[in-house]
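The listed protein sequences derive, respectively, from chains A and B.
Per our numbering, the very first residue in the first sequence carries number 1130; after that it's consecutive.
Per our numbering, the very first residue in the second sequence carries number 608; after that it's consecutive.
Possibly wrong hints are sitting among the right ones.
[As the list claims (entries may be wrong)] Listed next, the in silico BS3-like pairs over lysine-lysine satisfying Cα-Cα at most 27 Å (straight line):
1. A:Lys1319 with B:Lys905
2. A:Lys1137 with B:Lys905
3. B:Lys722 with A:Lys1352
4. B:Lys803 with A:Lys1135
5. A:Lys1135 with B:Lys722
6. B:Lys682 with A:Lys1137
7. A:Lys1137 with B:Lys770
8. A:Lys1135 with B:Lys824
9. A:Lys1135 with B:Lys718
10. B:Lys816 with A:Lys1135
11. A:Lys1319 with B:Lys824
12. B:Lys688 with B:Lys816
13. A:Lys1352 with A:Lys1256
14. A:Lys1319 with A:Lys1333
15. A:Lys1137 with B:Lys816
16. B:Lys861 with B:Lys682
[As the list claims (entries may be wrong)] Computed list of chain B residues with no C-beta within reach of chain A, every gap over 12 Å:
17. Gly763
18. Ile823
19. Phe834
Derived from the structure by calculation, the hints contain no laboratory data.
C-beta atoms are modelled at their ideal positions from N, C-alpha and C, and glycine is treated no differently.
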Amino acid sequence: MARRRKEKILNIAVTLFLMTAAVMFLLPTVLTLANSFMTSSEISANYGTMIDNMTSDKKEFISEAVNLKFIPDKVTFAQFRSVLLKSPDYLLKFWNSVILTVPITVFQVLIALFASYGFARYPGKIKNIIFFAYIILMIMPYQVTLVPNFLVADKLGFLDETAANADLRQRLAVILPGIFSPFSVFLLTKVMRRIPISYVEAAKLDGANEFQIITRIYIPLCKGAIVSVTMLVFIDYWNMVEQPLVLMKNKDLHPLSVFLSQINTGDIGLAFAVGVIYMVPSILLFLYGEDYLIDGIVYSGGIKG
Amino acid sequence: MNKESIQDRPKRRKRKNQCGRLGERIFSSACIVPSLIGVLIFFLIPFGIVIYYSFIDNPFKANFVGLDNYTALLKNFSFKKAASNTAAFTLISVPMAVIFSLWLASLLERKIPGKSVIRTFLLSPLMVPTASVVLVWQVLFHNHGTLNSIIEAFGGQSIDWMKSSHGQIIIIAMFLWKNLGYNMILFMSALAAIPKDILEVAELEGAGKFYQFIHIKLRYLSPTILFVFILSLINSFKIFREVYLLTGDHPYSKMYMLQHFMNNTFENTDYQKLSAAAILFALVMIVVMAILMTADSKFGKDVE
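The following block holds chain A by itself, in its conformation from the complex (with noise of 0.2 Å):
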C-alpha cells in the first residue's frame, strides 16, 4: 500500500507541476491584456525606463526596474480609445493583415479540398509523384520559397511600384503564392484517403455522380478536419511576416504582424492595447475550433484511431 501513497503523492506533485507550467504559458497574454487596460501614466511609471523618448517635464514617478503588472491600479479603456480615434494607422494595418490572410484562408482551403480530393480517389503513379513534389516543398522553409516567389512576383510585375494599381499588385504578391501552399493539400489528403471506399460505392448504386459524393459525402466527413486546417492557416498567415517584409516595398500595406515590431519604444501603453485588438480574431477562433483543431492536430500526425 506504500506504492499506492507514493501514486497518490505523486500525482499531487505533478496535477501542481501542470497548473504552474500552465498558468506561466497563460501568463504573457493575460499579462498584455491586463496592461492594455492601465492608463498611460502608469504605463510610463512602470516600463519608463524603457521607452527612449519620454518627455522630461513630466513630475511622474518612474520606477527603476520595469515592473511587469498583474492588475491595473486603475481600469481604463483611454488606451483603446487612442488606438480607436486617434492612431487610424494601426486600424489600416488591422485592415491591412485582414485583406491578406482572409483571402488566402478561404481560397486555400477551397482549392486544397478539390485538390485533396483528386489525390484520394483513384491514386496513380503520376498522382503520387505529383503529392510527393508537394510534400518535398511543403517542408522547405519560407527562406527557399521566398526566393521562387520574388522572382515570379518580378516578372510578372506585381513588384512593380510605379504601375497603375501598385497597391493591389504588392497585396496579391504575397496572396497568390499563400493560397497555394500545399500544406492544407496534404493535410486533407491524408484525412480523406482514411474515408472507406464502400461508402462511395454505396452512394454509386444510389447513382450518385462525383459531384454528389464530393459535397455529399467527403466534406462532411472532413468537417473537422477542415475547420483546423483553417485555423492553422489562419493563424500561420495573421502572423506572416517574412512575405510582407520583401515583396511589398510600401509600408502602408504592410500587416499589424510586422507592423507591431515598430512601436517598442514608441507609445507602450498604445502597443498593449493594439496588441489585444490584434490577438480578437485568433483568440475567437481558438475558442470556437479548439476541439477541432485538437482532433485536426492529431489527424496530420497519422495517428490511427
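Position chain B against the provided structure of chain A, taking the given hints into account.
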C-alpha cells in the same frame, strides 16, 4: 477488385484498385488542376529558374559559372554567421521541443483534475499572435526587466539579454512557448494509441514505469517522434518572426539568422547570391529529411 458494375459497358478499362468509369477518373484528376497550376506557377517553375540563376553570374549575360556562386557564398561572412546562428538555434531548440513535449504529454497521462483546462492553457500560445505579446517578452528580458530584478533579488548579476550572446535564450524560450502545446497534443494522442495489453503484461512481470517507457512505449512512439521532430524543424525556421519582432532589421550578432541575410540581400537584388543560398538551404533540408527517414525505418519497424 473486379466488380460487375450495375451498368454494363461494352468497353471497359482495366480496373486498378477502385472501379470507376473513365469520366470519373478524369474528373478526379481535374480536381487537382487548380491547385497544380498554382503550385507550378508560383513554386515549381520559379524553383527551376532559381536553380538556373544560381549557376550563372549575371541575369543579362547568362554565363555559366558552375559552382562559383556557391563558393562565394560559403566565404561570405554574413552568410556564415547567419547559417551558423540558424543551425545552432535549430540544433538546440528542436530536440528540446521534442523531449519536453513528450515529457509533458506523459505527465498528462495520469489522472489529473482539470486536464482539459491545462491542455487549453498550454495550447493557447499557438493561437496568440506573437506580435501581440512581444512587448511582454521584451519587458521580461529587458536590461532592467523582470527577470533581471529576480536575479538581482537573489544576489546575482543582471544580464543584458537582448544585446549579448544570451539573446539566444530568449528566442529559444519563445520558440518553446509557442510550440510545446502543439507537439504535446501529438504525443498525447500517440500515447493513447499504445495498446494497453502489452503494458499490463509488462507490469505483471514486474517491469517498472521507467523500463516500460524506454523499452515499450518508445517503440510505439517512434513514428510520432519523427513526425514531431520534422514539424519542430520546420517551425524552427519560422523563429525569424519572433526575432524580427523583438529586434528589428539588424539584431545583435547571435540572433542574426538566415532570413535576415536573405532579407538584406533582397535589397540589392543580387539574384545569384540569393538563389545559391536558397538552393543550398533546400539541399540541406532534403539531406536532413533523408537522414531522418532512414533512421526511422531502421528503428521504428515492426510495431504494428
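Okay, the hints, checked on the actual structure:
1. Between the alpha carbons of Lys1319 (chain A) and Lys905 (chain B) the distance comes to roughly 24 Å, so the proposed pair stays at or under 27 Å and holds.
2. Between Lys1137 (chain A) and Lys905 (chain B), the direct Cα distance comes to roughly 39 Å. Violation of the 27 Å bound is thereby established for this hinted pair.
3. With a C-alpha separation of about 25 Å, the suggested pairing of Lys722 (chain B) with Lys1352 (chain A) holds against the 27 Å cut-off.
4. Among the hinted pairs, Lys803 (chain B) with Lys1135 (chain A) is consistent with the structure: their alpha-carbon atoms are about 23 Å apart, no more than 27 Å.
5. Between Lys1135 (chain A) and Lys722 (chain B) the CA atoms are separated by roughly 21 Å; this keeps the pair inside 27 Å, and the hint holds.
6. For the proposed pair Lys682 (chain B) and Lys1137 (chain A), the alpha carbon gap of about 59 Å is over 27 Å, so the pair is violated.
7. With a C-alpha separation of about 46 Å, the suggested pairing of Lys1137 (chain A) with Lys770 (chain B) is violated against the 27 Å cut-off.
8. For the hint pairing Lys1135 (chain A) with Lys824 (chain B), the CA-to-CA distance comes to about 23 Å; that is within 27 Å, so the pair holds.
9. The suggested pairing of Lys1135 (chain A) with Lys718 (chain B) holds, with an alpha-carbon distance near 14 Å, which does not exceed 27 Å.
10. Between Lys816 (chain B) and Lys1135 (chain A) the CA atoms are separated by roughly 13 Å; this keeps the pair inside 27 Å, and the hint holds.
11. For the proposed pair Lys1319 (chain A) and Lys824 (chain B), the alpha carbon gap of about 25 Å is at most 27 Å, so the pair holds.
12. At most 27 Å may separate the alpha-carbon atoms for a hinted pair to count; Lys688 (chain B) and Lys816 (chain B) exceed this at roughly 44 Å.
13. For the hint linking Lys1352 (chain A) to Lys1256 (chain A), the alpha-carbon distance of about 24 Å falls within 27 Å, and the restraint holds.
14. Under the criterion of a C-alpha separation no larger than 27 Å, the hint pairing Lys1319 (chain A) with Lys1333 (chain A) is consistent with the structure, at around 23 Å.
15. For the hint linking Lys1137 (chain A) to Lys816 (chain B), the alpha-carbon distance of about 15 Å falls within 27 Å, and the restraint holds.
16. Annotation: proposed proximity of Lys861 (chain B) to Lys682 (chain B) holds, straight-line Cα distance about 19 Å (limit 27 Å).
17. Listed as outside the interface, Gly763 (chain B) is consistent with that label: its C-beta sits roughly 14 Å from the nearest C-beta of chain A, beyond the 12 Å cut-off.
18. Chain A leaves Ile823 (chain B) outside its interface by the beta-carbon criterion, the shortest separation being 17 Å against a cut-off of 12 Å.
19. A Cβ of chain A approaches the Cβ of Phe834 (chain B) within 12 Å, the least distance being about 5 Å, so the stated non-interface status is violated.
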